[in-house]
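Use the sequences and the hints to build the structure in full.
These protein sequence lines are chains S and C, in that order. First residue of the first sequence? That's 1 in the UniProt record's numbering, and the numbers climb one at a time after it. First residue of the second sequence? That's 1 in the UniProt record's numbering, and the numbers climb one at a time after it.
What the hints contain is simulated information worked out from the structure, not anything from laboratory work. Where hints are given, some of them may not hold.
Any copy, or any two copies together, can satisfy a pair, since identical chains are not distinguished.
What the hints assert, rightly or not - Here are the computed lysine-lysine pairs in the DSSO-like style, where the Cα-Cα straight-line distance is at most 27 Å:
no., residue 1, residue 2
1, K99, K143
2, K120, K29
3, K29, K104
4, K98, K120
5, K59, K29
6, K4, K104
7, K99, K120
8, K143, K29
9, K29, K44
10, K143, K104
11, K143, K4
12, K120, K104
Number of protein chains: 2
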Amino acid sequence: MFSKACEYGIRAVVYIAHKSLEGQRVSLKEIADAIDSPVAFTAKILQQLSRNGLVDSVKGASGGFEMSEGRIREVRLADIVSVVDGNRVYEGCGLGLKKCNEHKPCPVHWEFVEVRDRLKALLETTSIHDMTLGVGSGISYLKR
Amino acid sequence: MFSKACEYGIRAVVYIAHKSLEGQRVSLKEIADAIDSPVAFTAKILQQLSRNGLVDSVKGASGGFEMSEGRIREVRLADIVSVVDGNRVYEGCGLGLKKCNEHKPCPVHWEFVEVRDRLKALLETTSIHDMTLGVGSGISYLKR
DNA sequence: TTTAATTAGGACATTTTTGTCCGATTAAAT
DNA sequence: ATTTAATCGGACAAAAATGTCCTAATTAAA
Chain S
1 MFSKACEYGI RAVVYIAHKS LEGQRVSLKE IADAIDSPVA FTAKILQQLS
51 RNGLVDSVKG ASGGFEMSEG RIREVRLADI VSVVDGNRVY EGCGLGLKKC
101 NEHKPCPVHW EFVEVRDRLK ALLETTSIHD MTLGVGSGIS YLKR
Chain C
1 MFSKACEYGI RAVVYIAHKS LEGQRVSLKE IADAIDSPVA FTAKILQQLS
51 RNGLVDSVKG ASGGFEMSEG RIREVRLADI VSVVDGNRVY EGCGLGLKKC
101 NEHKPCPVHW EFVEVRDRLK ALLETTSIHD MTLGVGSGIS YLKR
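Take a look at the structure:
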């Protein structure tokens, strides 16, 4: 569904948000350990997310990553996917046809549109805050 | 959603089925041209589909690929996806967690399950015959 | 002011996916 | 029988995705 990079990105952001809500800034190492991802690769993804304003990064000793509560409530799953994977999840034909559309549909166009619209709605309505809810309480998990 | 290989595979099978219903066996070249795919790469995918009994191949001059009407009605989109891409579309967590399940769900587990189940149902109910319906009549397209 | 901890970012390495080439095999047509 | 048109399958090549390493820049703490 998503690239590995995007999966790590989502997990990382949820972890950062979860810790930020507890008032804690987290380091790259801590993040990678918490979400079970390759450190240096995760760094690249976080750079990308930071440049796009989805997370805040602080350099230097005792630096790390954090998010304001406002952003935690504003930022949607779709924003992360968009930054890391672009729009290929939403756009693009299920059969890989470049010019598949309602006027020239592929054989499964209409059926796929339904599923994709549903996925799109899910990504656009789910905030980072929503995703952190289960994490602290042990209802949902970010590794293993 | 699917790999390129799988996309080519689906388009190829729909084209083969469409032509088979008109009593015509088709060559690799004709297929690749009709669905706008790389010839040699398409050959690999068709070998795989042929080995798995999803299409019939005939060697030698005037050989090519074909499907019986029975198989055209039996074979589902899910069968092609399964052979080419395996089960990664159905199984596997949206966030890439190895052990995400109903007991240890990731933060978006339940929402994703819904979308994926819908996709699964679509793939399992759509037969190749269903997909060929629009192709001859110009309602749906396999290239461009 | 030096040291230690940290992110930023470029270059490189590995793996996977996608794609090509060619010789072997098969079978129809000449 | 020979030629020709086809698939089969192995080896190779290129591109994209994933992952690593190292140096520079930054900042808090000693």
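query = For the identical chains here, do K120 and K104 meet the 27 Å Cα criterion within one copy, between copies, both, or neither?
reply = both (22 Å within a copy, 24 Å between copies)
Within, between, both or neither: K143, K29 at alpha-carbon 27 Å: within (15 Å within a copy, 47 Å between copies)
Reference check for the pair K29 and K104, CA-CA at most 27 Å: within, between, both, or neither? between (49 Å within a copy, 24 Å between copies)
key: Alpha-carbon proximity between K99 and K120, which holds within one copy, between copies, both or neither at 27 Å   = Both ways: K99 and K120 sit 20 Å apart in one copy and 25 Å across, limit 27 Å.
Within, between, both or neither, where K29 and K44 count as close if Cα-Cα is 27 Å or less:
within (13 Å within a copy, 43 Å between copies)
Checklist line | Identical-chain pair category, K143 with K4, by Cα at 27 Å | finding: Within one copy only: 14 Å inside a chain, 29 Å across chains, cut-off 27 Å.
Exercise. Could you place K59 and K29 in one of the four classes (within, between, both, neither) given a Cα distance threshold of 27 Å?
Key: within (14 Å within a copy, 57 Å between copies)
My question is about K120 and K29: at a cut-off of 27 Å on alpha-carbon distance, are they close within one copy, between copies, both, or neither?
So K120 and K29 fail the 27 Å test inside a copy (32 Å) and across (37 Å) alike.
Original post:
How would you classify K98 and K120 at a CA-CA limit of 27 Å: within, between, both, or neither?
Top reply: Both ways: K98 and K120 sit 20 Å apart in one copy and 24 Å across, limit 27 Å.
Is it within, between, both, or neither for K99 and K143, if the alpha carbons may be no more than 27 Å apart?
Intra 39 Å, inter 8 Å, cutoff 27 Å: inter-copy only.
Copy assignment of K4 with K104, given that the CA separation must stay at most 27 Å = Classified as between: cross-chain Cα gap 20 Å, same-chain 32 Å, threshold 27 Å.
Check K143 against K104 for me: Cα-Cα at most 27 Å, and say if that holds within a copy, between copies, both or neither.
-> between (43 Å within a copy, 10 Å between copies)
In the structure shown, a violation is registered for the earlier hint numbered 2 alone.
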